[in-house]
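Build out the structure end to end from the sequences listed, making use of the hints.
Residue numbers (the numbering used here), protein chains in the order written: chain X, 1 to 156; chain B, 1 to 156.
No lab work stands behind these hints: they were computed from the structure. Any given hint might turn out to be false.
Copies of the same chain look alike in the list, so a pair counts if it fits in one copy or across any two.
[Stated by the list, open to error] With a straight-line cut-off of 35 Å between C-alpha atoms, the simulated DSBU-like cross-links for lysine-lysine are:
id: 1; residue 1: LYS86; residue 2: LYS10
id: 2; residue 1: LYS10; residue 2: LYS52
id: 3; residue 1: LYS115; residue 2: LYS19
Quantities reported herein were computed from a predicted structural model and do not represent experimental measurements.
Here are the chains, one letter per residue:
Protein chains: 2
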Amino acid sequence: MIEHIYSELKIGDKGYVEKTITETDLYIFAGVTGDFSWLHVNEVRAAQGHFKTRIVHGMLLAGLISNVVGNQMPGVGTIYETQNMKFLKPCFINDTIRAQTEVVELLDSGRVRLKTTCYNQHGELVVDGEAIVIPPRRHVIKEAMPEQDIGGRGNG
Amino acid sequence: MIEHIYSELKIGDKGYVEKTITETDLYIFAGVTGDFSWLHVNEVRAAQGHFKTRIVHGMLLAGLISNVVGNQMPGVGTIYETQNMKFLKPCFINDTIRAQTEVVELLDSGRVRLKTTCYNQHGELVVDGEAIVIPPRRHVIKEAMPEQDIGGRGNG
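Right, here's the structure in full:
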């Protein structure tokens with residue numbers, strides 16, 4: 001697990017995740033959120049619409065950004081305060097998305113401003129945005145779980 | 001399906017969805033997005049953190065807002081341009097969330113500004129925010145799918 005506390009962060013620090021977004025991801029996301037817009041789950045209607053085929057929910061890409069914020073940069077224990085997003089290009093089924101965060105400002109009171117972006121496999125900026133997040137103030141990873149007996153001697 | 005085209009919308013128009021967010025929803029969302037922060041999927045560590053138990057991903061609630069935008073108000077065919085969110089309160093497992101959109105401004109070039117909110121079962125504002133969306137300019141629901149033979153005479 002990656003954990004950057006506030007005092008360790010500096011402007012320009014980056015983290016990312018990459019994922020090929022499958023039809024399965026889209027349909028699971030539709031099921032959990034209930035967002036069954038024909039833009040997303042109806043190929044017949046979508047074929048006659050602006051994008052000519054189904055597109056991935058923008059908020060699924062927002063979930064990838066949430067992944068980066070909470071697991072890479074700043075990392076585990078980080079709490080979201082705000083997220084602003086512009087959806088600039090559609091994401092199609094089987095597009096490979098790189099979600100990235102970059103520290104752009106260290107704010108007072110332990111908050112951090114991040115630039116948050118999603119790029120596709122063509123290098124196009126699909127989602128642009130900014131987040132304000134609260135990274136942990138102290139390291140907690142080693143404190144939280146009981147120590148494991150790595151030696152594995154067993155009970156017998 | 002609910003479809004409001006731009007020319008039909010007026011300030012104050014509202015739509016909503018409500019859902020009890022289960023542990024299953026949280027874990028499916030974690031699987032699709034890869035956001036395995038201990039805030040969300042580790043009860044042992046979360047119990048020692050700020051919220052004392054696992055919390056639901058904020059972006060899952062954003063997905064509910066996406067549902068309202070794309071299926072209720074303005075409704076099907078609406079395309080997202082921007083979404084801003086403030087996460088004001090945590091959402092816990094089994095909280096019941098009402099996600100709501102309200103038309104607050106009709107912009108030039110067919111865009112609409114929405115107030116987007118999520119409330120929990122205690123009436124607390126969990127997520128506040130604003131979106132700019134592009135509703136359809138003309139009704140397409142009746143045009144897109146081939147007409148069904150309601151009479152059902154069959155082929156035999």
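Okay, the hints, checked on the actual structure:
no.: 1; hint: LYS86 <-> LYS10; in the structure: both (25 Å within a copy, 24 Å between copies)
no.: 2; hint: LYS10 <-> LYS52; in the structure: between (43 Å within a copy, 29 Å between copies)
no.: 3; hint: LYS115 <-> LYS19; in the structure: both (19 Å within a copy, 31 Å between copies)
Violated hints are absent here; each numbered hint is respected by the structure.
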